[in-house]
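To convert, note that position 301 of the sequence shown is 301 in UniProt numbering; the numbers rise steadily by one, no gaps.
If you're looking for bench data, these hints aren't it; they were derived computationally from the structure. Note that beta-carbon positions come from the ideal geometry of N, C-alpha and C, so glycine has one too. There's no promise every hint is true.
Said to hold, decoys possible - Think about it this way: if two alpha-carbon atoms lie no more than 30 Å apart in a straight line, the pair counts; the simulated DSS-like pairs of lysine-lysine are:
(1) LYS220 / LYS345
(2) LYS328 / LYS169
(3) LYS196 / LYS220
(4) LYS220 / LYS169
(5) LYS169 / LYS196
(6) LYS328 / LYS345
(7) LYS196 / LYS345
(8) LYS169 / LYS345
As the list claims (entries may be wrong) - Beta-carbon label-pair distances, calculated as ranges:
(9) ASP200 / ALA342: 15 to 21 Å
(10) MET295 / ALA93: 42 to 48 Å
(11) ALA284 / VAL199: 39 to 45 Å
(12) ALA256 / ARG21: 44 to 50 Å
(13) ASP98 / LEU165: 15 to 21 Å
(14) SER308 / ARG88: 19 to 25 Å
(15) ASP343 / ARG21: 32 to 38 Å
(16) LEU251 / PRO25: 33 to 39 Å
(17) SER20 / ASP68: 16 to 22 Å
(18) ASP212 / ASP68: 53 to 59 Å
(19) GLY43 / ALA256: 38 to 44 Å
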Amino acid sequence: MPTERLINALQSYGVRLADSRAGAPSRRGGAGPSDHKAMTIAGRTVMVPVHTEAAFDSPFLVRRPDADGVSVIEHDGVVIGQATFPGRPRFYALSTFDGVPYSKIAVLHGRDVLATTVLQTCIRYQNRAKTCQFCSIGQSLAAGRTVAHKTPEQLAEVARAAVLLDGVKHMVMTTGTPNATDRGAAVLCESAFAVKAAVDLPIQAQCEPPDDDRWFERMKASGIDALGMHLEAVTPEVRARIMPGKASVPLERYYAAFEAAVPIFGRGQVSTYILAGLGDAPEAILEMAGRLVGMGVYPFVVPFVPISGTPLESHPAPGPDFMHAILKPLADMLAQANLRSADIKAGCGRCGACSALSTYERAGVAA
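Build the full structure now, drawing on both the sequences and the hints.
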């Protein structure tokens with residue numbers, strides 16, 4: 001099975017683990033790739049669901065690592081590949097000057113990405129009539145695995161340690177939406193400024209489009225290298241059903257924000273996250289992707305993963321054929337436009353662990 005198809009299938013079905021203790025700890029709840037575990041397949045570190053309902057019944061089983069740390073991957077008892085697990089980062093053993101464990105401030109994503117949710121709260125999360133139905137941003141906070149607001153000083157301290165101890169290459173800063181004006185841009189600016197003062201680390205910031213385009217200049221000046229403004233869903237009807245509060249920011253505002261941000265951050269340095277499997281047809285996602293690519297925006301398409309405790313916990317994940325029908329033509333589209341994940345300075349698109357998209361990109365280049 002080609003590597004891109006294998007990773008695609010693993011991310012759609014999830015895997016059963018013979019030894020859940022192998023490698024770095026898996027993640028439950030919170031923002032970002034939740035209910036996943038990082039594993040490396042054919043040189044690509046990817047996030048694969050392990051705590052979802054689908055994963056519990058997955059036809060894929062990852063065996064216990066051998067003495068060399070290599071696990072075989074089985075499909076219904078037949079060996080189809082191998083995987084290794086990134087180890088627990090050394091910075092997890094430390095605490096900040098004010099006594100907070102580093103792992104509550106920022107976590108390792110993939111193999112070499114430091115990720116943090118600066119504000120672990122959102123103005124919409126407590127109201128199920130407004131919240132994004134897939135969101136679990138409050139779960140890790142309720143479980144005591146993180147803190148509500150990471151201060152600039154804490155972020156700078158942890159980022160410096162992660163670079164020195166674990167060779168982290170770039171950082172993702174996301175945030176819950178604190179208001180309906182700057183929508184988190186202000187807190188991201190002060191956080192990025194502090195980190196850049198402590199360590200030379202490329203940073204991607206992620207927030208909803210602020211109400212004033214002047215924030216993009218401020219974000220760039222604060223040390224933010226790349227920007228993510230995430231659509232999640234691409235058609236108005238799916239947006240209204242799945243994320244009724246966020247849908248109050250219309251698609252037209254996203255288009256205008258993309259047009260304003262690309263000249264500031266650079267072509268390919270502005271991206272958006274699209275969750276395939278929420279109800280948008282592949283054709284709709286590819287149509288939106290074509291529009292975004294034409295603006296110089298990188299559309300990072302990932303398979304939706306149902307997270308326990310959310311309204312969509314029983315919503316099915318998209319199958320591998322559904323994802324292949326999107327990722328293969330999208331990779332071709334990106335190649336034709338000369339937009340490459342490897343050229344992104346920081347962030348989810350550069351990491352690529354939550355989607356097989358970058359593996360499809362490489363497969364197309366090799367072909």
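Consistency of the hints with the structure:
For the hint linking LYS220 to LYS345, the alpha-carbon distance of about 13 Å falls within 30 Å, and the restraint holds. At roughly 28 Å between alpha-carbon atoms, LYS328 and LYS169 fall within 30 Å of each other, so this suggested pair holds. For the hint pairing LYS196 with LYS220, the CA-to-CA distance comes to about 12 Å; that is within 30 Å, so the pair holds. For the given pair, LYS220 sits about 19 Å from LYS169 by alpha-carbon distance, which is consistent with the 30 Å threshold.
Note on LYS169 and LYS196: the hinted pairing holds, with a Cα-Cα distance of about 13 Å set against a maximum of 30 Å. For the proposed pair LYS328 and LYS345, the alpha carbon gap of about 23 Å is at most 30 Å, so the pair holds. With a C-alpha separation of about 14 Å, the suggested pair LYS196 and LYS345 falls inside the 30 Å cut-off, and the hint holds. Annotation: proposed proximity of LYS169 to LYS345 holds, straight-line Cα distance about 10 Å (limit 30 Å).
Separated by about 20 Å at the C-beta atoms, ASP200 and ALA342 satisfy the suggested range of 15 to 21 Å. In this structure the hint that MET295 and ALA93 lie 42 to 48 Å apart at CB holds, the actual value being about 43 Å. Between ALA284 and VAL199 the beta carbons are some 41 Å apart, a value that agrees with the proposed interval 39 to 45 Å. The hinted window of 44 to 50 Å between ALA256 and ARG21 holds, with their beta carbons roughly 48 Å apart.
A hinted range of 15 to 21 Å for the beta carbons of ASP98 and LEU165 is consistent with their spacing of about 19 Å. A hinted range of 19 to 25 Å holds for the C-beta pair SER308 and ARG88, which are about 23 Å apart. Between ASP343 and ARG21 the beta carbon distance is about 37 Å. The supplied range of 32 to 38 Å therefore holds. The beta-carbon spacing between LEU251 and PRO25, approximately 37 Å, falls within the hinted interval of 33 to 39 Å.
At about 20 Å, the CB distance of SER20 to ASP68 agrees with the hint of 16 to 22 Å. Separated by about 54 Å at the C-beta atoms, ASP212 and ASP68 satisfy the suggested range of 53 to 59 Å. Between GLY43 and ALA256 the CB atoms are about 39 Å apart, so this pair conforms to the stated range of 38 to 44 Å.
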